[in-house]
Each structure stands twice: as C-alpha cells, then as structure tokens.
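> In case you want the letters, here they are:
There are 2 protein chains.
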Amino acid sequence: MVPVNKERVAELIGGLAKFGKGELGITRLAYTSTDKAAQMWLLKQIEYLNLEVREDVLGNLFLRRAGLDPTLPPVACGSHLDTVIHGGAYDGMCGVVGALEVVHMLEGETLRRGIEVIVFRAEESSRFGFATIGSKLITGKAAPEKFADAARPDDITFKEAVMEWGGNLEEYREAVLQPGSYKCFAEMHIEQGKVLEETKHQIGIVHNIAAPTRFKLHIKGMADHSGATPMGFRRDALVTAAKMILAVETAAIREKEHGTVGTVGIVDVDPGSINVVPGKVTLWVDVRGVEPDSIRRTLTEIRQAAQGTARADGVTIEEEMLTSDTPVALDARLAAQSEEICREQKKSFLHMNSGAGHDAMHMTAICPTTMLFVPCKGGISHNPAEFAENEDICAGIEVLAEILRREAQ
Amino acid sequence: MVPVNKERVAELIGGLAKFGKGELGITRLAYTSTDKAAQMWLLKQIEYLNLEVREDVLGNLFLRRAGLDPTLPPVACGSHLDTVIHGGAYDGMCGVVGALEVVHMLEGETLRRGIEVIVFRAEESSRFGFATIGSKLITGKAAPEKFADAARPDDITFKEAVMEWGGNLEEYREAVLQPGSYKCFAEMHIEQGKVLEETKHQIGIVHNIAAPTRFKLHIKGMADHSGATPMGFRRDALVTAAKMILAVETAAIREKEHGTVGTVGIVDVDPGSINVVPGKVTLWVDVRGVEPDSIRRTLTEIRQAAQGTARADGVTIEEEMLTSDTPVALDARLAAQSEEICREQKKSFLHMNSGAGHDAMHMTAICPTTMLFVPCKGGISHNPAEFAENEDICAGIEVLAEILRREAQ
Numbered sequence: 009m010v011p012v013n014k015e016r017v018a019e020l021i022g023g024l025a026k027f028g029k030g031e032l033g034i035t036r037l038a039y040t041s042t043d044k045a046a047q048m049w050l051l052k053q054i055e056y057l058n059l060e061v062r063e064d065v066l067g068n069l070f071l072r073r074a075g076l077d078p079t080l081p082p083v084a085c086g087s088h089l090d091t092v093i094h095g096g097a098y099d100g101m102c103g104v105v106g107a108l109e110v111v112h113m114l115e116g117e118t119l120r121r122g123i124e125v126i127v128f129r130a131e132e133s134s135r136f137g138f139a140t141i142g143s144k145l146i147t148g149k150a151a152p153e154k155f156a157d158a159a160r161p162d163d164i165t166f167k168e169a170v171m172e173w174g175g176n177l178e179e180y181r182e183a184v185l186q187p188g189s190y191k192c193f194a195e196m197h198i199e200q201g202k203v204l205e206e207t208k209h210q211i212g213i214v215h216n217i218a219a220p221t222r223f224k225l226h227i228k229g230m231a232d233h234s235g236a237t238p239m240g241f242r243r244d245a246l247v248t249a250a251k252m253i254l255a256v257e258t259a260a261i262r263e264k265e266h267g268t269v270g271t272v273g274i275v276d277v278d279p280g281s282i283n284v285v286p287g288k289v290t291l292w293v294d295v296r297g298v299e300p301d302s303i304r305r306t307l308t309e310i311r312q313a314a315q316g317t318a319r320a321d322g323v324t325i326e327e328e329m330l331t332s333d334t335p336v337a338l339d340a341r342l343a344a345q346s347e348e349i350c351r352e353q354k355k356s357f358l359h360m361n362s363g364a365g366h367d368a369m370h371m372t373a374i375c376p377t378t379m380l381f382v383p384c385k386g387g388i389s390h391n392p393a394e395f396a397e398n399e400d401i402c403a404g405i406e407v408l409a410e411i412l413r414r415e416a417q
Numbered sequence: 009m010v011p012v013n014k015e016r017v018a019e020l021i022g023g024l025a026k027f028g029k030g031e032l033g034i035t036r037l038a039y040t041s042t043d044k045a046a047q048m049w050l051l052k053q054i055e056y057l058n059l060e061v062r063e064d065v066l067g068n069l070f071l072r073r074a075g076l077d078p079t080l081p082p083v084a085c086g087s088h089l090d091t092v093i094h095g096g097a098y099d100g101m102c103g104v105v106g107a108l109e110v111v112h113m114l115e116g117e118t119l120r121r122g123i124e125v126i127v128f129r130a131e132e133s134s135r136f137g138f139a140t141i142g143s144k145l146i147t148g149k150a151a152p153e154k155f156a157d158a159a160r161p162d163d164i165t166f167k168e169a170v171m172e173w174g175g176n177l178e179e180y181r182e183a184v185l186q187p188g189s190y191k192c193f194a195e196m197h198i199e200q201g202k203v204l205e206e207t208k209h210q211i212g213i214v215h216n217i218a219a220p221t222r223f224k225l226h227i228k229g230m231a232d233h234s235g236a237t238p239m240g241f242r243r244d245a246l247v248t249a250a251k252m253i254l255a256v257e258t259a260a261i262r263e264k265e266h267g268t269v270g271t272v273g274i275v276d277v278d279p280g281s282i283n284v285v286p287g288k289v290t291l292w293v294d295v296r297g298v299e300p301d302s303i304r305r306t307l308t309e310i311r312q313a314a315q316g317t318a319r320a321d322g323v324t325i326e327e328e329m330l331t332s333d334t335p336v337a338l339d340a341r342l343a344a345q346s347e348e349i350c351r352e353q354k355k356s357f358l359h360m361n362s363g364a365g366h367d368a369m370h371m372t373a374i375c376p377t378t379m380l381f382v383p384c385k386g387g388i389s390h391n392p393a394e395f396a397e398n399e400d401i402c403a404g405i406e407v408l409a410e411i412l413r414r415e416a417q
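Those protein sequence lines, which keep their order, are chains A and B.
Under our numbering, think of the first position of the first sequence as 9, with each following residue one higher.
Under our numbering, think of the first position of the second sequence as 9, with each following residue one higher.
Be aware that a few hints might be false.
[As the list claims (entries may be wrong)] Which stretches of chain B does chain A cover? Using the computed rule of at least three CB atoms under 8 Å from a CB of chain A, they are:
1. 14 to 23
2. 130 to 143
3. 190 to 203
4. 211 to 223
5. 243 to 250
6. 270 to 279
7. 380 to 393
Calculated directly from the structure, the hints in this document are not laboratory data.
Even glycine gets a Cβ: it sits at the ideal position worked out from N, Cα and C.
With these hints in hand, go ahead and build the complete structure from the sequences.
What follows is the structure, encoded as structure tokens:
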C-alpha cells in the first residue's frame, strides 16, 4: 500500500475550506452554488484517479474504482461536503478527502471488489431543518414527501433546491439503493466532542450512533402593543418560550449520566418587532441520546412542562414532530477488525458512541457499517474554531485504508 | 360647523387598510412603496379640500388650509400612516383621517389661523428599530446620525429609505421646525389599551406619555455541536437569553402598580441552526412607564440580573442602548379645554396617561400639545384584530374639531 500523502490531504481540506469562507466561518449550505463549486473543484483535483463518476437524481455523488470481479458489490466509504451556517473545515470533509486518499493509497493493490467513494448531499440540517437527507432517501429510510416543501424563511424548498442542482425529486426511486448494494460502508469523521483529545487517543471506534429527535413547539399567545398593555393583561408567547427553553435544558440535565442532550437551536418570533408583545413563537428542539429509555424520559418531561406552562400562562403549545430516529448500532465485526488494525498499526484507540448523527447510521440499512473518529480541538465543531490536526486525520486514513483493503479482497 | 361625515371617515380608514393587507394583517412599513401608495391614494381622495401640499426632505407630509392672517402660526393636527408588521387599520390612521375630516368640518368657518394636517413618517419602530423618527427629527429632538445606518437584516438603511422615498437625509436641517411654528398640536389616536372600553368612556384626555427605553442585550456564549456536546460542557447563549427574558418580565411585574411595562420583542439567534448550540443571542428590550423612578428601578433590576446570570452561566452580556426618552407631560390648558368641550358635547371622558409613545410627545418641544384617545376593542393594537368603532372615532373627531376651531380663532 502506498503511504498516506499528508500534503495532499492538507491541500484538499484547505482548498475545500475556501468555498463559502466568510468572516464568521464557512457557510456552505447543501445544494447551493457554493456546495456545487466546492464539489466541482474537488473533482478537478482528483481527476488523476480516473474514477467513474455518477450522480444520482438527488445529487448524491458516487466515485468508483472498479474491482477485478464486477459482479461483487463494492466496498464503500465517504461523508459530506455541506456545512452548517458559520461552520468549520473538517466536519464531513475529512471523511470525503480521507476516502479519496484511500483510493490513491490502494491504487497498486489488486482487489476483487471495487471501491466507491460517496459524497452524500444535505447531511447538515441547516438549510432544510432535516439532517442526512441524501443518505436517508437512498437507503429507503424515508420518502421525500417529508422534506419536499421544507424551507427556511426566504429560501427555496428542498424540492426546488434539488431541481436547481440538476436533480429531480419526483424520480427519487431511481436513487434508492437495495440492501446488499455494498459489501460494507465505512465513514471517517471528526469526533465533535472532546473525549479523544482529553483521554489522548488517536482513533475512536464507534459502536452506536445517537439519533436526533427533532420537533417544533408552536406557542400561541396574543400580540399586543408593548407600551399600552399592562403586565397583568399579557399572553406573551416569548415569555412562555423562555420557560420552555429552560425546561428543555432541565430535562436534558436530569438525564446527563445517560448521555442524553437537549438543545433549542432556533427561535422564530412573530411578529418580531420591538414594540409588540410577541403573539407567536416557534422553538426548534433537538433531543439526542444512545439510550431509547433516556430519550423517552426526556421527551416526556418536556411535554409535561409544555402542558403545565401552557395552562399557567394562558397560551397554547403545539408539538410538531420533525424526526424521531432511534439510536443505531454499527457492525460489531467491523469494529473488532478496526481494533485489530489499530493494534497492528500501533495506534491508540477508544471504543465509543457518537452523540452526533451521521450518514453512516442510514447506511446500516443496506450493508454492514462502521465509523472511525479522529480527535478535534476542544471538541468544537459547527463553529469556525473547528480544527483537527492533519497528523490525526492521516492516522485515521491509514486505519480506513486497511479496513477497505481487507474488505475489498 | 359642518357635522362629521361618518361614511367618509369609514371609507378613508377602510381604503387605507387595503394598502399592505395580507392574510396576517396589515404590513405597511415606513418609506416602503406600500406606504407611498397609501399616501398617494389618500391625497387623491381629499383633493376636493384644496389643501396646500408640502413634503419635507424627510418625507413628512404637511397639508395646509390657509387662515385669514398668514402671519400667525397655524394650528396643527395629525398622526402617521405606517404600521407594524402584521398590524391593524386604526393605529395612526384614525388621527390622520380625523384631522382631514376636521378640515372639512371647519370649511365654512372664518378662522384667523391656518390649519395644518401633518402625516409623520416612520412612527413605528418596526422597520428601523427606532420609533417616531419623523417627528423626532423635525422637532430637533434628535440628529439623524443616530438612525442613518439603522436597518433590519436584509433591508436597506434609514438613510437609503429616505433617499428611495425622494428625500435626502443630508439636508435634514431644512426640515427642522422652530419652536413657535404652530399655535398648538393635537393628535387623536386609539387608546391601544382597554381602560376606556372597560370603564365605558368615549374620550381619553391624555396628560402624560410614557416614553420607551430601548436597548439590546448581546449575549455571547459558545457555539457547539448540539449532539456531541454534553450538557455540562455548554455555554448556551439561548439558555442565558431565556433567563433574561424572564428577568425583564419579573422586573416589570414588580413595578406593575407604577404602570411600568417591560417587553422582549425580538430575539436574534446566531447561528440559528437546529443542530448547533446557540453561540450568540441578541435580545431587543423595551421598557416604558410614566414615572422616571419606576423606569430606573426596572432598568437597574434588569442590569443586576444580567450581571448575575452572565457570571453564573459563564457567558458575557453587553448592553447597547438604543433610545432612552423621559416621560413627557402634555399641555394642561389644552387638556382642561378638552374637558370643557366634552362636557358641552355631552361626551363621557377620562383623564389618563399613554403607555405608548406618539409623535405628539416630540411636538411638545415646539408648541403646546394635546392628545385625545378613542376606545379600541379589547385594547388590542399592533395586531390584525385591532378595531375601533366608527361611532367612537367620529365622537373623537367632533372634540378634535372643536379644539382646533377654538385655537384657530
């Protein structure tokens, strides 16, 4: 196997980081022209690999190196190129660049199976409010009706975005992959937490992925003049919203030992005017964990708080469920093999769970799937300060290459 | 005096309501093309009054009927045509339509002084974050540097809006009126509270206007991945913001007896993504009252809460003051005269204060000023449900006409 080329890895990650870079970080939302430009640039850089390029009707990209026996399902690896608003250069990109570097490292190897690098579209939920849309659709985990009309205010819908990209949501069935389409799938990713850094391990071998439960709380009070409405006469939806933000926090803290977390990331205030008592507020809530019971308890506590607060404040609170995924177990055999590889390569490793969702969790529906984490500075991600050492990324790539070499034989 | 023409009053208010009408109410922000269209339409309707039309460089409109003695300062009355986002058809419009109806009612009267109807621009703060901009500037209560660059995200600045309207902020000094420019100013307005309705009075005679203190609280925590950041490791700016929303509420409730109110009307969350722990939040706070000491106590309590919460949550909170006006006393002689007129016309009246700010409060700087309130349904305003009975509006116009007749003699 050719050794990992650290310079090229750094160049590709650094080059991608230029697309969408602003003063407050990298903003490269899925399906935007920035997303397209980044992908075009990347394809140009790896032309020398002579991969077979295919894009499905949803805009997912597949880059294939053929194997000796074209009748065998290939091994797959990959990740995503889109970022959150004001995000970083590593979340997603490490896995895509790492997968491409693996293809290069295995160029001289004679392998029975092909290797396919997948770039999933719309992993981040920042543009449409739903995460991992591309992988969810191609693995048959969801139908597009759910997302078709999703849009942030003043933006086009998911359906329109797919169209603008050059795809067609109506024909999404063409893109759905059958179980067994791949021998296996492996995704390398930054940890997005500080466990590897603080415990000084090079590689995280992921066993479970916490899946998000996401819902909106629609709070309806009464809009009134902020100067002429005495305090006792108000039904201020934002005051109720504030109590619910704290209720989400409290409910999650109570389940801290079980690793469950709860976050309100978006607040829509209507009318959102300094001289009007807010009449309506929508909170977007995200609850995650690896233990289904703990997630359930957290949701129950939030719902009870919503009922009690609505009654006390004389407002209504309606819940609108967006996604409710169950935690996903990854493949045990592949995890054991990763441990073996780490021992052989003399890399320190840790068995762990993923708090964040990843495309890999949907790939479990069609093939044995594994994930590797590499450390990132301060556990920070979804933030311009997101950073991973090139040395650590390349150590992950070495393990990833060996996984795919063994599986492709 | 010609009797008030109730049909025409209803037609003018109903006609104006069509400009900016949407499913969620009337949105006619200051200086927009909708604002312009409404004013053009209104001018067309009242052509028969043959008023001298003048617009200053800020877009304030002056419609004058000459008096017998052109050397005497005229009497003035008026209000505004702009609305909040998703507002109603009466706040502002009653006073403009009422003033024009007064000119009609006094057409046959021989009066020494002229009558001037003023349509102030940008009374609502919905577009630029500052209220009563037009009246503030022409009375010399503020210089335009304060507002020039004010803009909501994705909108043009105040300076650009004045330019688009056809004015020129650079030449604002031309628009400033000298003290003594008018004999007096009278503004009729819906109460925007429920006191008149609940106590069954036709006319509110206003003595003091509560002025708003408005400021932003900039809360800075740390943006992090919402799935991979354990609860104990977060510095969630939105959780702190929720505590501050409740602190504003609590501080105002403590001053309830003194009529002070406190409202958070706008919440800006950065990055505002469902999968990111909010790193920065800005709250827009509005505190009002008629007692300076009570306002001071409320602000002190909010500031102490901000300090304590920032320390406890490990975040920073910075205050940015936007406006800090002092409550304004209106003219006592004019109020006494209004009481006399109400008694003569056999109208029930109540002496009261205004919780909301009005253009009238700045007019006190250049001439004796008075205000009349008419009841509005449920005290609701800044809301599509805003409603005032035509009967009540016309009763107010009758008092207004008599005030101006006496003052113009």
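> Compare the structure with each hint and give your call.
Comparing the hints with the structure gives:
Counting residues of the stretch 14 to 23 of chain B whose C-beta lies closer than 8 Å to any C-beta of chain A gives 0; at least three are required, and the coverage claim is violated. Note: the stretch 130 to 143 of chain B has 5 residues with beta-carbon separation from chain A under 8 Å; the three-residue rule is met and the coverage holds. Here's how the stretch 190 to 203 of chain B fares: 4 of its residues keep a CB closer than 8 Å to some CB of chain A, so the rule of at least three is met and the hint holds. Note: the stretch 211 to 223 of chain B has 3 residues with beta-carbon separation from chain A under 8 Å; the three-residue rule is met and the coverage holds.
Given a C-beta distance limit of less than 8 Å, the hint that chain A covers the stretch 243 to 250 of chain B holds, as 5 residues qualify and 3 suffice. Chain A is given as covering the stretch 270 to 279 of chain B, and this holds because 9 residues of the stretch bring a CB closer than 8 Å to a CB of that chain, at least three being needed. Using a Cβ-Cβ cut-off of 8 Å, 5 residues of the stretch 380 to 393 of chain B lie near chain A, which meets the minimum of three, so the contact claim holds.
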